[in-house]
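The listed protein sequences correspond, in order, to chains A and B.
Using the working numbering, read the first sequence as starting at 136 and increasing by one per residue.
Using the working numbering, read the second sequence as starting at 19 and increasing by one per residue.
Treat the hints as calculated values from the structure; they're not laboratory data.
Any given hint could turn out to be false.
Claimed, not checked - Label pairs and their computed distance ranges (CB to CB):
(1) A:F195 to B:Q26: 25 to 33 Å
(2) A:F195 to B:I64: 32 to 40 Å
(3) B:P137 to A:S214: 45 to 53 Å
Note that CB positions come from ideal geometry on N, CA and C, so glycine has one too.
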Amino acid sequence: KAGVTQTPRYLIKTRGQQVTLSCSPISGHRSVSWYQQTPGQGLQFLFEYFSETQRNKGNFPGRFSGRQFSNSRSEMNVSTLELGDSALYLCASSSGGNPQETQYFGPGTRLLVL
Amino acid sequence: AQTVTQSQPEMSVQEAETVTLSCTYDTSESDYYLFWYKQPPSRQMILVIRQEAYKQQNATENRFSVNFQKAAKSFSLKISDSQLGDAAMYFCAYRSYFLSSGSARQLTFGSGTQLTVLP
Numbered sequence: 136k137a138g139v140t141q142t143p144r145y146l147i148k149t150r151g152q153q154v155t156l157s158c159s160p161i162s163g164h165r166s167v168s169w170y171q172q173t174p175g176q177g178l179q180f181l182f183e184y185f186s187e188t189q190r191n192k193g194n195f196p197g198r199f200s201g202r203q204f205s206n207s208r209s210e211m212n213v214s215t216l217e218l219g220d221s222a223l224y225l226c227a228s229s230s231g232g233n234p235q236e237t238q239y240f241g242p243g244t245r246l247l248v249l
Numbered sequence: 019a020q021t022v023t024q025s026q027p028e029m030s031v032q033e034a035e036t037v038t039l040s041c042t043y044d045t046s047e048s049d050y051y052l053f054w055y056k057q058p059p060s061r062q063m064i065l066v067i068r069q070e071a072y073k074q075q076n077a078t079e080n081r082f083s084v085n086f087q088k089a090a091k092s093f094s095l096k097i098s099d100s101q102l103g104d105a106a107m108y109f110c111a112y113r114s115y116f117l118s119s120g121s122a123r124q125l126t127f128g129s130g131t132q133l134t135v136l137p
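Pulled out of the complex, with its shape left as it was, chain B reads as follows (with noise of 0.2 Å):
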């Protein structure tokens, strides 16, 4: 089965500022998904970037950039000049990439971390 790791519970930014939010996960499949979403006090889960594990090519979505160490089995999360609007709990997540897996058709969550922006 796969597990994602959040070890930072809480991490804080001052506005404008980059922070980086760490992602570890563990699994034996070679293909797979991997994702961000964003959670604020609204409840709403919203993506806001994904990664293919096939794709060399780290993702960018405007101020959202991961780092993808693929051997390192790490999915880290850069947010640059933040923003009030980016205070939420962020959730990094897999999906496997094989419909064979028990794991394809279902999210394995992190335990997420609590983002606060500084004015």
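Extracted from the complex, chain A is given alone in its bound form (with noise of 0.2 Å):
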């Protein structure tokens, strides 16, 4: 079975810009969550999708959106780059997203603000 794949794997913005994230589950799987992870902040939780419904929020302002589709891909939105998006987003993803289910990481998007 194939692993969680993201792309892009890394992405060069300038402040102000809009971007646009994607993951793809492994087959199957309905349940995705983002992180944002950072050398201050570590990692942290963005939100998490499950039927192309956010059932889950983290505490990130309004310029991170995402959604997802019927397939269970999903994207993942920032608005207005600041320089502190610089960060690594990570996907995960589970069956049906509850809590006994094992989360399977993507490899990542790295995404560098200028």
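Dock chain one against chain two, each of which comes alone in its own frame, and use the hints as you go.
Have a look at this one:
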């Protein structure tokens, strides 16, 4: 079974631009979660989607948004980029997003904002 | 809200030796899940081991085992017979058991411990 895939793997943007990151979960998985990893703040939860609905959201500004498609693929969008948005963005998938399930992570997208 | 603390930013171990990574957490919940994830330089987060809080028996996966002390809210990872491939950043993580909890659908991570394996 193919693992979680994320595209692109690397991205360079400038302040004020917007960016869209993509995540394809493991086949059959319907829950996708997004995390931001920075040296200063560590790993922080962004949001979780299941069946095209956002079920849970972390403490991030409205510039961070996401969506999920009917095939469970998910995208996250960051508008009006700031220097502090430079981070590794990880997505994770699980079957139903239930607590007992293991979350499988993708390789991440490294975003650099100049 | 739950918090996870890893007090050792860096650790090193000689190849073939044993090392223990520490993790403590704070929660008012009675049931939850605890995880150790490994993140090698490739950046892909890999599950090492998981523990259900309602199970008294400590989880074991090959060379990896945990020491789960529920009353002390401690969850340490022991790596036996360390190998060069074990070098990575290790994260301890918490997830609530109850769907009614805001943290049931997310992992709360500690700050990580960078493990170096010396040949």
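Each hint, compared with the structure:
Remark: the range hint 25 to 33 Å for A:F195 to B:Q26 is upheld by a beta-carbon distance near 28 Å. Range check, A:F195 to B:I64: Cβ separation about 25 Å, and the 32 to 40 Å hint is violated. The hint said 45 to 53 Å for the Cβ distance between B:P137 and A:S214, and at roughly 47 Å that hint holds.
Going through the hint list in order, the structure does not satisfy hint 2, though it satisfies all others.
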